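Undergrad: We have chain A; now place chain B onto it with these hints.
Number of protein chains: 2
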Amino acid sequence: MKIPSKYLEQVVDQLAILPGVGKRTALRLALQILKKSPDEIERFAQAFLELKDHLKKCKSCGNVSDLDYCGICADPNRDQSMICVVEDVRDVMAIEETSSFKGVYQVLGGIISPMDGIGPQDLNVESLLQKMESGKVNEVIFALSATMEGDTTNFYLYKKLKPYNIKVTTLSRGVSVGAELHYADGITLGRSILNRMPFKVSH
Amino acid sequence: MKIPSKYLEQVVDQLAILPGVGKRTALRLALQILKKSPDEIERFAQAFLELKDHLKKCKSCGNVSDLDYCGICADPNRDQSMICVVEDVRDVMAIEETSSFKGVYQVLGGIISPMDGIGPQDLNVESLLQKMESGKVNEVIFALSATMEGDTTNFYLYKKLKPYNIKVTTLSRGVSVGAELHYADGITLGRSILNRMPFKVSH
Numbered sequence: 164m165k166i167p168s169k170y171l172e173q174v175v176d177q178l179a180i181l182p183g184v185g186k187r188t189a190l191r192l193a194l195q196i197l198k199k200s201p202d203e204i205e206r207f208a209q210a211f212l213e214l215k216d217h218l219k220k221c222k223s224c225g226n227v228s229d230l231d232y233c234g235i236c237a238d239p240n241r242d243q244s245m246i247c248v249v250e251d252v253r254d255v256m257a258i259e260e261t262s263s264f265k266g267v268y269q270v271l272g273g274i275i276s277p278m279d280g281i282g283p284q285d286l287n288v289e290s291l292l293q294k295m296e297s298g299k300v301n302e303v304i305f306a307l308s309a310t311m312e313g314d315t316t317n318f319y320l321y322k323k324l325k326p327y328n329i330k331v332t333t334l335s336r337g338v339s340v341g342a343e344l345h346y347a348d349g350i351t352l353g354r355s356i357l358n359r360m361p362f363k364v365s366h
Numbered sequence: 164m165k166i167p168s169k170y171l172e173q174v175v176d177q178l179a180i181l182p183g184v185g186k187r188t189a190l191r192l193a194l195q196i197l198k199k200s201p202d203e204i205e206r207f208a209q210a211f212l213e214l215k216d217h218l219k220k221c222k223s224c225g226n227v228s229d230l231d232y233c234g235i236c237a238d239p240n241r242d243q244s245m246i247c248v249v250e251d252v253r254d255v256m257a258i259e260e261t262s263s264f265k266g267v268y269q270v271l272g273g274i275i276s277p278m279d280g281i282g283p284q285d286l287n288v289e290s291l292l293q294k295m296e297s298g299k300v301n302e303v304i305f306a307l308s309a310t311m312e313g314d315t316t317n318f319y320l321y322k323k324l325k326p327y328n329i330k331v332t333t334l335s336r337g338v339s340v341g342a343e344l345h346y347a348d349g350i351t352l353g354r355s356i357l358n359r360m361p362f363k364v365s366h
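Residue numbers (the working numbering), protein chains in the order written: chain A, 164 to 366; chain B, 164 to 366.
Among these hints, one or two may not hold up.
Since copy identity is lost for identical chains, a pair holds within one copy or between any two.
[What the hints assert, rightly or not] The calculated EDC-like cross-link candidates involving lysine to aspartate or glutamate, where the alpha carbons are at most 20 Å apart (straight line), are:
| id | residue 1 | residue 2 |
| --- | --- | --- |
| 1 | K199 | D251 |
| 2 | K265 | D251 |
| 3 | K220 | E203 |
| 4 | K222 | E296 |
| 5 | K198 | D176 |
| 6 | K186 | D238 |
What the hints contain is simulated information worked out from the structure, not anything from laboratory work.
Quantities reported herein were computed from a predicted structural model and do not represent experimental measurements.
Just chain A, same shape as in the assembly (with noise of 0.2 Å):
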């Protein structure tokens, strides 16, 4: 695939470092950022050095903010005692739309995949930790995805975390709400007969 300009195939190569982007599609994105006038194509590239000159993460749960610490631990009504460990920021949000939970987070910045060269090294446990020091945290939630990489991950903070003393917890693993049973995929399945809760009369 010959581009015809230097400047239109570097900006297709830089947008085929993306996950999930090819050569192809960078190349279709790349034509559609180019009908756009001047001024959007310069705001759109503004947005990018904006990003990586004033996005911080929070001092204290390492999520993505503006400020020091995120809206979420600087909220004095959020519960400091309870902290669910999730991978990125996507799963922060995704939690705070059921409203579920009024706790706060820790947010690793990926999970242990070695295939993908991430070791425990690479995430953000350290914060984790000195909160674990401070005495003020109960229970500790692990909302990491069900794969083999969360799992490894959640015994690796496991282990970290059992000199505390803490209660663990992680998200129940079962067949979804509204899902149709023969729908689910045999290892749930399996999972929830072996993990059965008891019948409550839902209210």
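TA: Here is chain B on its own, set in the frame of chain A:
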């Protein structure tokens, strides 16, 4: 979906203007970009600024180019009397890859599509008509998509070219080379019977 940083939100909004990129995909891409070093993010943004500042359109055919005239129009070995009309640079690249065409191109920059608000006035046609006036053109080949929009544009151009009394051709349509017959769609198959060609022993 509440994004906890206005800078991140800004980037997500900018990415979401790209076709086929929704908010969720944009967030995934933005987080991936965030994992890069500041230098890499700078390079990413810079590529778009350079594109905006330096990319030109070929004065002859309208193709993207770094110079006033693109490599194809400036090539003395190309046959300037044969003009292949295409929608955008991707079509030029696709045809160039076949090495089957030694003429030059006319890149319209779009096709007539009332649904998308694109009318004849948005197409790069002026320079094509100027070349017609010069009297040096022998043949114009329509190589637009086989869609209603493509057909409409073909018809519009045909009317514009008619006064010049020039040979106008279009790409042959039919069953793909190497394709199994029963996989061809009905319309293509039907047309390929109506437009059947004399059998030639291929060499």
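Undergrad: A separate judgement is required for each hint: does it hold in the structure or not?
TA: Against the structure, the hints:
1. K199 / D251: between (32 Å within a copy, 15 Å between copies)
2. K265 / D251: within (18 Å within a copy, 53 Å between copies)
3. K220 / E203: Between copies only: 18 Å across chains, 28 Å inside a chain, cut-off 20 Å.
4. K222 / E296: within (16 Å within a copy, 69 Å between copies)
5. K198 / D176: The answer is both: 18 Å in one copy and 17 Å across copies each meet 20 Å.
6. K186 / D238: neither (44 Å within a copy, 26 Å between copies)
In summary, the one numbered hint that this structure violates is 6.
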